[in-house]
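Visitor: For reference, the chains in residue letters:
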Amino acid sequence: MEAATVARPRKRRSGLSERRLAAAMVSPSLIVIALVAAYPIGYAIWLSLNEYSVRVPGLSRWAGVKNYETALSSSEFWDAFRNTMVFTGISVSIELVLGIAFALAMHQAFRGRAVLRATVLVPWAVLTFGSGLLWRSIFEPDLGFANSMMSALGLPGADIVWLGTEGYAMAVMIFADVWKTAPFMALLLLAGLQVIPDELYDAAKVDGATTWERFRRITLPLLKPAILVALLFRTLDALRVFDLPFALTQGANGTSTLSLYAYQELTANRLVGLGSALSVLTFVTVMIVSFMYIRFVGGNIRGLADD
Amino acid sequence: MTGRRALLWLAVVAIMVFCLFPFYWLINTSLKTGTDLSAANLVPPNPSLDNYESIFGDADFTTALRNSIVVASLTTFFALLFGSFAAYALARLRFRFKFLILAIVLSITTFPPIAIAAPIFKLWTDTGLYDTLFGLVPPYLTFSLPLTIYILASFFKEIPRELEDAALVDGATHFQAFYKVVLPLAAPGFVTAGLLAFIEAWNQFLFAITLTSSPEARPVPAALAFFTGSQQFEVPLGTITAATVVITVPLVIVVLIFQRRIVAGLTAGAVKG
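Chains as they are written, first to last, in our numbering: chain A, 1 to 307; chain B, 1 to 273.
Because the hints were derived from the structure by calculation, they are not lab data. Virtual Cβ for every residue (Gly too), placed ideally from N, Cα, C. Treat the hints with care, as some may be off.
[What the hints assert, rightly or not] Part of the chain B face toward chain A, derived, beta carbon under 10 angstroms:
| # | residue |
| --- | --- |
| 1 | 93 |
| 2 | 112 |
| 3 | 142 |
Okay, chain B solo, but in the shape it has when bound (with noise of 0.2 angstroms):
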């Protein structure tokens, strides 16, 4: 028994290694400056915040994260505003259609988003959404809602039918029911799908890169993508370290708040059959 005992603390430190320290070798990079940087010291001999202090002195760089902060945020409002209506209608209404339209919702999660970019690409500039923050919500919210309706709809079918019922009773309307009975009572679930819908557009790239062309549009990672090209055979490595700290750091923090969230939100379709 002791040696499987062991065995699993092998596995245990081995998994904690594996998952965290590339993430330290990126804060320990991005604290190094000049010669340093070519030194694989695992802990940086003169830790500095220089590289710190130039990604924020670059307006570049704080205007993307002002656009990627934005624009995150507008497409989990969204995100969540339509995507709760789907779900309840599709957790709780009867009408036709229903498993076709989850059908058609679902598979917007197996989109590439290259076969739609071109296209986009030319609607944006013809209708003047192109190089503009607003132009990249509605892609944005097309990638975030499959998982936002997934996951509302989960929770609203725990919520216990009488409750509602109870409500129409009373003389409610459905419409009345939802907003005044479920969806107070479904605000964890809405914190899990807002937290994953933030994320998805947070990490959007293809289109970031597509849709925009000036620094004023750019959302962090088209800005990074940006700042990697222009020095080819120079990579600026401890600037990009600390930009990539700077978007990462704050994000990894609220998933560890969330964790309990964000691992039912994740896992909701996993188990459920």
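Same shape as in the complex, but just chain A (with noise of 0.2 angstroms):
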């Protein structure tokens, strides 16, 4: 009690007060925030209640909710929403089930481990975009190496043009993604695989249960939480896809993305309008997304702000 009392003291001689410090300390974050987050998503969304002259530059006059309609009702724009949604789907649950797999692998006891740890760190050092650019040379028509491979061992589907095709350009840019951010989760879960203690499984290997029965009976339940915040940053990720789809496609056969989209109005076609309704489109898509999940992982964040 004395220690507590002497440990916390209520008095010092100089220096600001405790609030007054931490009011100082945090506004240059928050300022950074501010004006590079805050205040542009305003102007996007003022921007996207705008209509501009194609002609004239810097001519507009306000137009409503003008730009939104054209937005949903424009096939390209739930072409993009549908891709964006099957891409993360799919990338996500892939990873989910690769990255526990790997985890796994991971976590037992063996000799070269620390190797394979350091192993999974690659694809996840590969720049985004340059990973693209390394699964479009794979995926190169006939110089590429899939298709050499299928043809030097006979296989069929030699011919097929990956990036060309509509369903296998998704394919790819999947496989691509998968690639790099699988070992990443197996990364996230096996830090929550490494706080689960091994009494637990000695105590239910006592009781008989079988490998699959520990390990949905206990890995499972306990690595929920580590799921939860995997599944989390890989679900917001996936859904704002922009790079490989650059890389691989430039948006072409059916793997045009939400963020991709919005791009293209806003850059090659100069409809800041419509470009924004659709920037604004994608944010609130991904704000729902997020809301969603936050309100599993909540308890997470809050941990840190408690004491």
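Could you use the hints to bring the two separately framed chains together as a complex?
Guide: Structure, rendered in structure tokens:
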């Protein structure tokens, strides 16, 4: 008791009060965030509510929700929306399953475990846009490794134009994402596995539980918080996917995504109003999904703020 | 038991091939020239460094490389400076709206960059920041800050409070306790957070292509996009793979050297609850 009162002195000789110091210390970060994220998102909403002259730069007039009507009634938007959801759903599911499998393997005790743990960091360290170029070169028609290998092995499909065919192009994009991020997922989940006490498994073994039962009754439930965080990170990243389709196909052949479509309307077509509306719709989509998640993982965030 | 062991080794080999083969293929391709590029040889038949000579002889590429290093370093510096202040306040000081501020910071990690690309483009054109190296730093910083703050706050929380309290008893201010006691102890946290901030900035693509237009200001990913876009029908496979190797290998080496720190940083949020 004595120590506690001594340790938290109320009066100090100099310096700002704790509250003022806190305000001073968080403000640089908050100012950056306000100037580069909060203000621009407000500005984006404003831009999306106006229409702009293509001929006279800077000329604009109030358009209300017209840009949103145009966006929501265009098939390109819904294609991009569907592609984004398909990409997110499939790639994140595969990443979760592979991530759990990788994490379980990395958790075993064997010689060379450190090497394996280092290896999985390699795909993660490859620049995302660079990895897109890498996969584009592998799936290049004729020249690429995929086709040459298939023809060398006499497999069917040696003449598939991977990135030029709808469906296959999406499959390549998903594969590229899985390659880069399943290992990342595995590392997050491995950290979760490491905090599960061994005694639980020992006790279950004594009770005669099979490997599968131990996995289902102990590993999965106790890994759930780590799984949720990993899913949150990955889902939000996948919903914003931009670099990969840009590098692989420029959005052609069924790989246009929300971010890429908005970007193309803004730059190539110079439709500031429509492009901004599309950007805001992307933002809203991501926000809705993240709020749904944060209802599950909100406790983790609170944990850091509390003492 | 041996069956299980065999299965484990099979899995280990499969994971290593999955992770490393594409990367190996990238290096393999970058060492090929001419007609060898179209052959699926696992080892380049006539290995040559021609592709590397050609990209390093290209002023646009070397300028882009320098630009990327400058922008990523500046971003890392400011992320650590601002981030350590905010992290300390969030981890240690008592004030109102702490949870709200943390929520705002973390919500940035969910932000789609495209949502703010057009407004920032307009603002930067108006203020002269467009197509400058320095103009890239604020948006990069915004996306590097949340993780920096989160990681540093986790590190600060692990430092025993008694050490600061002892300094406070000796008459130090809170800020002195922060930079004389907490900062030196949290040095490993700075390495972790700094590396991740640098990688995040190195990776940024959307702002790189929307906020620059000339080779003088373009960082590497934007230069590469331009590089590939200009020759739609004849992909310069050799030089592109060489360029990708050049921008990736240093990062892979650094990541492998600091792997423990990086894994600790990446998982800081995943297991604490």
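Visitor: For every hint, state whether the structure bears it out.
Guide: These are the hints, each one checked on the structure:
1. 93: holds (4 angstroms)
2. 112: holds (4 angstroms)
3. 142: holds (4 angstroms)
Checked against the numbered hints listed earlier, the structure breaks none of them; every hint is satisfied.
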